[in-house]
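Q: Whole structure, please, built from the sequences with the hints as guidance.
In case you want the letters, here they are:
Number of protein chains: 2
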Amino acid sequence: MRRPTLTLLAASLLLATGLASAADTVIPDAAVKTAEQLRDKALDDGTAMTVLTSLTTEVGPRLAGSDADQRARDWAVAKFKALGFDKVYTEPATYPLWVRRHESGAIVAPFPQHLVLTALGYSPGTPKGGLTAQVVSFDSLDALKAADPATIKGKIVYVGARMQRHQDGHDYGIGSAMRVAGPVIASKKGAAGYLLRSAGTDAHERIAHTGVTGFTNAAEGIPAAALSNPDADQLERELGYGKPVTVKLDLDCGIVGEYTGANVIGEITGRKHPDQVVAIGGHLDSWDPGTGAIDDGAGIAISMAAAKLIHDLPRRPDRTIRVIAFANEEMGLWGARAYADKHAKEVSKFLLGTDSDLGAGKVYRMNASVAPSARHAIEQIADVLKPLGVAYDAKRPGGGGSDLGSMHAKGMAALTLDQDATHYFDWHHTPNDTLDKVDPKELAQNVAAYAAWTYMAAQADGDFGSAPGAFASDGAEE
Amino acid sequence: MRRPTLTLLAASLLLATGLASAADTVIPDAAVKTAEQLRDKALDDGTAMTVLTSLTTEVGPRLAGSDADQRARDWAVAKFKALGFDKVYTEPATYPLWVRRHESGAIVAPFPQHLVLTALGYSPGTPKGGLTAQVVSFDSLDALKAADPATIKGKIVYVGARMQRHQDGHDYGIGSAMRVAGPVIASKKGAAGYLLRSAGTDAHERIAHTGVTGFTNAAEGIPAAALSNPDADQLERELGYGKPVTVKLDLDCGIVGEYTGANVIGEITGRKHPDQVVAIGGHLDSWDPGTGAIDDGAGIAISMAAAKLIHDLPRRPDRTIRVIAFANEEMGLWGARAYADKHAKEVSKFLLGTDSDLGAGKVYRMNASVAPSARHAIEQIADVLKPLGVAYDAKRPGGGGSDLGSMHAKGMAALTLDQDATHYFDWHHTPNDTLDKVDPKELAQNVAAYAAWTYMAAQADGDFGSAPGAFASDGAEE
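Quick mapping for you: the protein sequence lines, in order, are chains F and B. Throughout the first sequence, residue numbering follows the UniProt record's numbering, covering 1 to 478 in sequence. Throughout the second sequence, residue numbering follows the UniProt record's numbering, covering 1 to 478 in sequence.
The reader is advised that the hints may include incorrect statements.
[Unchecked claim] Mimicking DSSO-like on lysine-lysine, the simulated pairs with C-alpha atoms at most 27 Å apart in a straight line are:
(1) F:437 / B:248
(2) F:272 / F:342
(3) F:41 / F:437
(4) B:188 / B:153
(5) F:81 / B:243
(6) B:441 / B:362
(7) B:41 / B:386
(8) F:128 / B:128
(9) F:153 / F:128
(10) F:33 / F:441
(11) B:81 / B:272
(12) F:81 / F:349
(13) B:81 / F:243
(14) F:437 / B:243
(15) B:349 / B:87
Bear in mind the hints are in silico, worked out from the structure with no lab data behind them.
A: Written out as C-alpha cells, the structure reads:
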C-alpha cells in the first residue's frame, strides 16, 4: 500500500500548452502508435494473471524475512528469466526481522468472549501467560492524543474509529494513523497494550487487518493488535454495559534480529540509451495472513507483464525498462529506501517512474510530477490511456507509488496511476488477500496502462525533468 | 438450520374453500383484529433485538455441552422470567459430548500453503503430530460415491462442489450432503481423512463453515474438516499442476463422553385451555466459531418477543403460548427428539407449531400442514400476514421447522414461515455468525408474523388437525 500524496502542485506548474514548443519533450508518432497497439494487446493478454497465479500459489504469503522471503526472491529471479528479461539481478536490503508465532485474545469480563485479532508489525509479545488488563476506550486518535496519561497507565488502550469505502481509499488515512501512530502515543502515555478496530472497510467480516506500527525500537514497544470489525463491535457493546471490561492478550511475536533480503530487478535493455531507465514495479513481500494477491502480487504481475509486452516487440525500446520487485515494503519501505540510497546519484538517469501498489482494481486516474517541458508528453500519454477509462488530472502531483516514491523524493519525475480502491481495504493485510479477489480483466487494464506509458516514456524525445531534488516543491521530500 | 421439507402434499388436501363451512376452524373477528394490532405493534418493537443482543453479548457462542451451554440455559431461564412469562422450566436432553480443542492444516506439497479450515462435528482428532496424506479430489458427492475404494484407501478425500445463493437457500442441499454423508462414504471406502469445500455461499471469505457429520459412532469416524472457499480454490489450483498434493491435518477434537443439557421452556398460560398449546421456538445451542446470532439466536429472540407481545395484551390468550429453546439442534436435533419423545402422547394438545431457524431475514412465504377443515383458518392467518410481504403457498406443506418438525412428525399440525435466506449461508456455522448480520427491521418483521399467527391459533374456534401420525402423508415421518 502506498502513501497518499496529498500536496498539490502550484497550478502554474501544471498548465500545459496544447502544442509543443521546441523545448518540449515529445513522444514521436511512431511510438504513440506502438503504445496504442501495446495497450490494445494487453487487454487480451493473460500474462499478469498467470504471473499472479504462480506467485500466490507457488509461494503464497511472503512476510519479509520469513522462509518464504527467500522463496519469493528465487521465484522472481526465475520468473524474470522465464519471461525473457535481458538482465536479472538483486540488490540487498537489510531490516529488523520481526516474527509472528502465535496470537490470541479474549474479553475476560464482564462477559467472556473470544476475540479475532492479529498482532501488528513490530509489536513485542506479551509476557508468558498473556497480558490481562482493563480496557480504556477512545473513539478517535485525537481523543487518545488528548487523554490524560493517568487514565491510560497500565491499561489496554482501544481506539475504535471506522473506515468507509471510497474509490480513492482515502479513509486509510484514518486507519493507518490509528495503527501506526496510535500504539506509539499509547505507549508514551504508559499503556500496557494497544488495540484498534481494524483499519479495514469490511464492516461485517470476522477478519482482522494487520499492518505495521510506528515503533522504531524495542524499548517503546507495547503489545499491539487489531480486532476484526465485528469483534470491535462486541468489545464496544461490552463497554456499553458501564462495567470495567478486561481483556487478555496473548501475543508471541517480536523483533528477533536483523535480516538481509533483496530487491529483485529485471530489465529490458534499452537499444539507444541502456543507461537511461523507465522504472516500474511493486513490492514482493506481503503480510503473512493472506497470499499477497492484491498487496502487492498485483503490482509485481502488472509491471512484469507490461515489460514483457514491450520485450515482445520487434525491437528493444530506446531506453531500459526496469522492473523492481521491492523488498519489505510492509514494515517500512526498507527495500525502497535501500534502493533510493544506492541510486540517488543516478536520479537524472531515471526518466520517469511509478510502481503499482493499490491492488488490482482498474486505473481510473493519472497524475504526474514532471518538469513543465514534459507536460505535453504527459498529455500524449494521457490521450493513449483515455480509452482505458483513465482520466488525467493535471492538478494533482504524481507520487511515484509507495516504493518508487523514494526515488521521486530524490528527484525522479513520477506518475501516479490511481486504481479503484473501493474494495481494496476490505481485504488489505488480511487472510482475505487472495487470488479470487482479482478480476483478470481489471488486472489486464492495468497492464495496458503500464505497457503504454512505459513504452512512450522510453521512446520520448527529451526527458521529464528528473534531477536531484527536482520535485521537493510538490511534497516529494526525503 | 432446519431441514427442508420437500414432499408436497396431495393437492386435494390443500384446496381451501373461500368460505368456511360449519365444520371448519375459524378465527373469530376479534382475534383477527387483535392479531393485526400485534403485527403492527411488533414492527416498532425492539424486544427481539434486545434479547438477541443480550444473548450474543452476554453468552456468545454456546456449543452444546460446553461451559457456555449451562450459561445459555441460565440466561434463557432468567430472560423468560424477566419478560414475565407465566411458567419457566427445563426438560433434560442427553447427547454425546463432542469437543473442539485445536484445528489447523496445511498443504505440504507441492507448494506449502496454510489452510483455513474447521473440524466438523463428531470428527475424531488426528493422531498426535497430525495426519499427512495425499489428497484425492472429487467435484461432487456423486463422484465420490462412484469412486473405486482402491483410489481412496489411505488418502484424504476432498469434495469440492460449490453452493450458490438462493432466496430459499436450496443449495444447502448440496453442501449439507457433502458435509453429513460425505465423510461417512469416504470412511467406508477407507479414506484416512475428509475435506470439503465449505458448505457456504461466501465464495470470497477466508472463513470455514463447520457443521455436523453423519458419523454415528466413533468406530466409523475419520478426521473431517471444511476448507474456506478461497482455500478450496488454492487446493484445487495445486491439484491442477498434476503433481501429487499432500495435506497435513492437525485436529484435536472428538467425542469425550455424554452430556445432559436441557430444553428451556417458557409459557404464557392459556386462560381457557391452559393444556392446549401453540408451540414456537428456536434452538439455544450454536456452533462455537460465531456467536450464534443468525443460527439460532434469532429464532430464540423472535419467539420470545412474539410471546411477550401476547403477554402484554390486556388478558391472556385462550390457549397457552409455549416457547421452546431447544438443546443441541446442531449436532443432531437432540433436544427436539427428546422433546418429541417425551410429549408424543400429548400431540393432539399441540394445536399448531413451528420454530424459526433460518436466520433473521424477512419472512416471505407461509406454508401449512393442517387438516382440510383448518385451511380456512390458515387463510385467515395468511391474510393478516400478507401486508408483511408474506405470500401463502397452499401447495407446499408446513414442516414445523428443524426442531418442532419432530413434533410434526408425531402428528402436530405445522406451519413453515420461510425466511429470505439469500445471505444466510454466507455466515452460517462460521465466525461470521454475529449480531451485525441482523437487520433490526427484518427481525421485527419476523416477530410481527409470529405474534400474529401464534395469537390467532391460540384463539381459534376449532383445531388444526393435530393427532398421532396425522401428517405422515406429507413426509412428516419420524
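Q: With reference to the structure, classify each hint as holding or not holding.
A: Taking the hints in turn, this is what the structure says about them:
1. A distance of roughly 26 Å separates the Cα atoms of residue 437 (chain F) and residue 248 (chain B); the hinted pair therefore holds under the 27 Å criterion.
2. For a cut-off of 27 Å, the pair hint linking residue 272 (chain F) to residue 342 (chain F) stands: about 24 Å separates their Cα positions.
3. The hinted pair formed by residue 41 (chain F) and residue 437 (chain F) meets the criterion: a straight-line CA distance of about 23 Å does not exceed 27 Å.
4. At roughly 9 Å between alpha-carbon atoms, residue 188 (chain B) and residue 153 (chain B) fall within 27 Å of each other, so this suggested pair holds.
5. Between the alpha carbons of residue 81 (chain F) and residue 243 (chain B) the distance comes to roughly 24 Å, so the proposed pair stays at or under 27 Å and holds.
6. Our distance criterion of 27 Å between C-alpha atoms is met by residue 441 (chain B) and residue 362 (chain B), whose separation comes to about 9 Å.
7. Under the criterion of a C-alpha separation no larger than 27 Å, the hint pairing residue 41 (chain B) with residue 386 (chain B) is consistent with the structure, at around 16 Å.
8. For the hint pairing residue 128 (chain F) with residue 128 (chain B), the CA-to-CA distance comes to about 25 Å; that is within 27 Å, so the pair holds.
9. Restraint check for residue 153 (chain F) and residue 128 (chain F): satisfied, since their Cα atoms lie roughly 21 Å apart, inside the 27 Å limit.
10. Using a Cα cut-off of 27 Å, the hinted pair residue 33 (chain F) and residue 441 (chain F) holds, with the two alpha carbons roughly 23 Å apart.
11. Between residue 81 (chain B) and residue 272 (chain B) the CA atoms are separated by roughly 22 Å; this keeps the pair inside 27 Å, and the hint holds.
12. A threshold of 27 Å between alpha carbons decides the hint, and for residue 81 (chain F) with residue 349 (chain F) the separation of about 24 Å falls inside it, so the pair holds.
13. A distance of roughly 24 Å separates the Cα atoms of residue 81 (chain B) and residue 243 (chain F); the hinted pair therefore holds under the 27 Å criterion.
14. Proposed proximity of residue 437 (chain F) and residue 243 (chain B) is supported: the alpha carbons are some 26 Å apart, at most 27 Å.
15. For the given pair, residue 349 (chain B) sits about 17 Å from residue 87 (chain B) by alpha-carbon distance, which is consistent with the 27 Å threshold.
In this structure, every one of the numbered hints holds.
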